[in-house]
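**Q** One line per chain: the protein sequences are A and B, in this order. Be aware that the first sequence starts at 2, since it is given in my numbering, and climbs by one per residue. Be aware that the second sequence starts at 535, since it is given in my numbering, and climbs by one per residue.
Bear in mind the hints are in silico, worked out from the structure with no lab data behind them. Ideal Cβ positions, reconstructed from N, Cα and C, are used throughout, including at glycine. Mixed in with the good hints, there may be bad ones.
Said to hold, decoys possible - Which stretches of chain A does chain B cover? Using the computed rule of at least three CB atoms under 8 Å from a CB of chain B, they are:
(1) 245 to 258
(2) 363 to 375
Said to hold, decoys possible - For each label pair, taking beta carbons as the anchor points, the in silico distance ranges come out as:
(3) A:R393 to B:P591: 45 to 55 Å
(4) B:D674 to A:F19: 46 to 56 Å
(5) B:N601 to A:E323: 27 to 37 Å
(6) A:S160 to B:K592: 54 to 64 Å
(7) B:V672 to A:R32: 39 to 49 Å
(8) B:E554 to A:R393: 16 to 26 Å
(9) A:R335 to B:K632: 31 to 41 Å
(10) A:F19 to B:P681: 48 to 58 Å
(11) B:K632 to A:P171: 55 to 65 Å
(12) A:A17 to B:A685: 51 to 61 Å
(13) B:E554 to A:P171: 29 to 39 Å
Claimed, not checked - Here are a few chain A residues that sit away from chain B, every Cβ distance over 10 Å (derived from the structure):
(14) T128
(15) E238
(16) K380
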Amino acid sequence: MNGSYFEFFCPVKIVAGFAALEHIAYELGARSAGKPLIITDKGVRGAGLVEVVQAALKSAGVSAPLVFDDVPQDSATHTVAAIAKLYRSEGCDSLIAIGGGSVIDTAKAANILASEGGLDLTAFAGTNVVKRRLRPLFVLPTTSGTGSEVTAVSVVKDSNTGMKLPFVSPFLLPDVAVLDPRMTLGLPPFFTAATAMDALTHAAEAFTCLGKNPLSDNYAKAAIQKVASNVVAVLDEPSNKERRLELALAATMAGIAFSNSMVGMVHALGHTIGAVTHVPHGVCMSILLPYALEYNLDVRRQAIGELLLPLVGPDAYAKTLERDRPQAAITAIRSLREALWQKAKLPRSLSETGKITRDQLPEIARLSLDDGPMIMNPKEVTYQDALRVLERAY
Amino acid sequence: MELPSPTYAAQRAYVAIMFETIGRLLEAASQTDAEIAQELEGYRDGFSIGFSVLGDPKLKMRVGVRNGRFVRLSSAIHPELEIVFKHITFAFYVLSFKESTSRAYANERMLTHGDTAHALRFVRCMNRMQAVALPRFVADRALKGFPDITAPEKRKLVTDLYVKLVTGFVTRSKLP
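Only chain A is shown next, with the shape it has when bound in the complex:
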C-alpha cells in the first residue's frame, strides 16, 4: 500500500514585505481589536523594535502602550500567568508578540489563559486540549528561523516542576504573521547564520522525512532556495532589506512545511543536545544536518538528490549527473556551512561549539531515541546509529 494520504493546514494570514508593520492597525480592526498587549523581551525592546511597531500603530490611530517585556530565554508558566493577569487587568483585546521563539511560544501560551480564563496553564498541556478559538494573536518574528509564527505548538517550562510542557492545538496558530525586514535588520551575524540554518533544516527534513507531501514539498524547496541564495550575502551586507525579507520568508515557508510534515533525526538529536548542553538550536541543526542526510541516504536518495536544485540553482543542477545529485546536495550544504564558519564563526562540528565533550555523546544518543521527531525519520534509528552520527558530527 502506498502512503498517498496527507493533511495540510495553515490558516495564518501572512502579511509580508516592506511597510508590513503599517498594515497591523488595519488587521487588528478587521478582527474587532484595538487594545493590544505587546509581549517581548528586554533585548528586543532594547533594540528599539517595540517603538517602531508602536509608532506604526499610533500613526494609524491605535494606541498600544502596554508592553510586557520580561519574557526570559527559557520561558515558564509563571511568566505566562503574569502576562494573563496584565492582559485582564488592563482590559486588552488582542496580543502582539515581537521576538524570537521563546517570546512567540510565551505569547501563544498567554493567549490560552487570556482567552480561557484562570491562571493554571498546566490544565491545557497536551494535544488538542485547547478546543476553542482564542483572542487575536499577531506575531512579528525578530529572527528568521524558528517558523513559530506558523506552527500550532508552544513549549513552556512548568515553574513548579521544571518540566517542559507542550501545548498543541490548531487554535494556537497566530491569526497574523507580520514579516517586515525592519524586524531582523539588527540581528547579529552569528544568529542570522544560525537561525537561517534552522530554517534550512526545517525545510530539508520536511522534504526528506516520512511526512513529506506535495504541498509541504513546495514550501520546503522554496525555503531552501531562499536560504541558500541569501544567507551568505546578507552576512556581507547586513542592512540589505531585500535579502533580510527573503530570509524571513524562508523561515516562514519552512515553518509551514515542517508544521505539516514534521521533522526527523536532526531535530531529535538537536533537541537533546540543546537540553543537555544548551548549545543554541540553530547551531545544532547546522552541525547535524549533513550527517543525518548521509545516514538517511540509502532510503531517501531521490529526495536528497532533489535538494540540489534549490541549493545550487538550475545550471549546476543540470550539470550534475542524477546519480551524483544526492551526494552533491550534501556537499553543497557543507560548503554553505563552511562559508558561515568563515563569515560568522558558526560551528561546523560539535567539538567546535566548545560546549560538548565526547563522553556526553552516549547519553545524548540514548535520550534522543525518546524525542518525538525520531518516529518521522525515514530510516529506523537505533542507539548505535544515533551514537555513530553524533561521533561523526563531533
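Starting from the known structure of chain A, arrange chain B on it as the hints suggest.
**A** Below, chain B without anything else, positioned relative to chain A:
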C-alpha cells in the same frame, strides 16, 4: 457508493482478534526478549498503555507494566498512554501490516494521548515484537527497517516467544 474491502464489520472482527493477539504477544515477548525487557526498564511499575478506536468504545487493548513485564489488563481501565486510531479502517491498515506504525503516524491515522517518550518506547517494543513474531517478508512491510537479527537468532527468539505464548494461553486466562 463503494465500501472498503473488506467491509467495516470484517475489519472490526480482524482488529478485535489482533488486539487480543498483540496483548498476548507483548506479554510473552516481554518475558523472552532481552531488548523488550530493557525497554520496559524505562517505564515505572504499574504504567498502563492501550490501543483504542475512535467511536467504538468496546474495541480496546490494554497492557500494563508489572515487575518488568507486560501484562494484559482489563479494557475498563483508562491507560496513561493511549494510542487512538481515528477509524477502524486505520487500525486495520496497521494491524494487517498494510501500513507501518510510523507511516500511520505520518498519515495522521492515530492520536496519542500521553507522554511522547513513553509512546516512542512503546513503538520500539511493538516493532521489536513484530520483528520477532512475524515472517521477515511481513515484518518488512510493518517496519521502517528490519533489525540486525541473524536467522539462527530469529529461530530461537520465535520459538521462545511462541512457547511462552502457548504457555500463557494454558496457564492464565483471567485479566487483572
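**Q** Hint by hint, note whether the structure agrees.
**A** Status of the hints after comparison with the structure:
no. : hint                         : verdict
1   : 245 to 258                   : violated (count 0)
2   : 363 to 375                   : holds (count 5)
3   : A:R393 to B:P591: 45 to 55 Å : holds, 49 Å
4   : B:D674 to A:F19: 46 to 56 Å  : holds, 54 Å
5   : B:N601 to A:E323: 27 to 37 Å : violated, 55 Å
6   : A:S160 to B:K592: 54 to 64 Å : violated, 42 Å
7   : B:V672 to A:R32: 39 to 49 Å  : violated, 53 Å
8   : B:E554 to A:R393: 16 to 26 Å : violated, 44 Å
9   : A:R335 to B:K632: 31 to 41 Å : holds, 39 Å
10  : A:F19 to B:P681: 48 to 58 Å  : holds, 55 Å
11  : B:K632 to A:P171: 55 to 65 Å : violated, 28 Å
12  : A:A17 to B:A685: 51 to 61 Å  : holds, 58 Å
13  : B:E554 to A:P171: 29 to 39 Å : holds, 35 Å
14  : T128                         : violated, 7 Å
15  : E238                         : holds, 40 Å
16  : K380                         : violated, 6 Å
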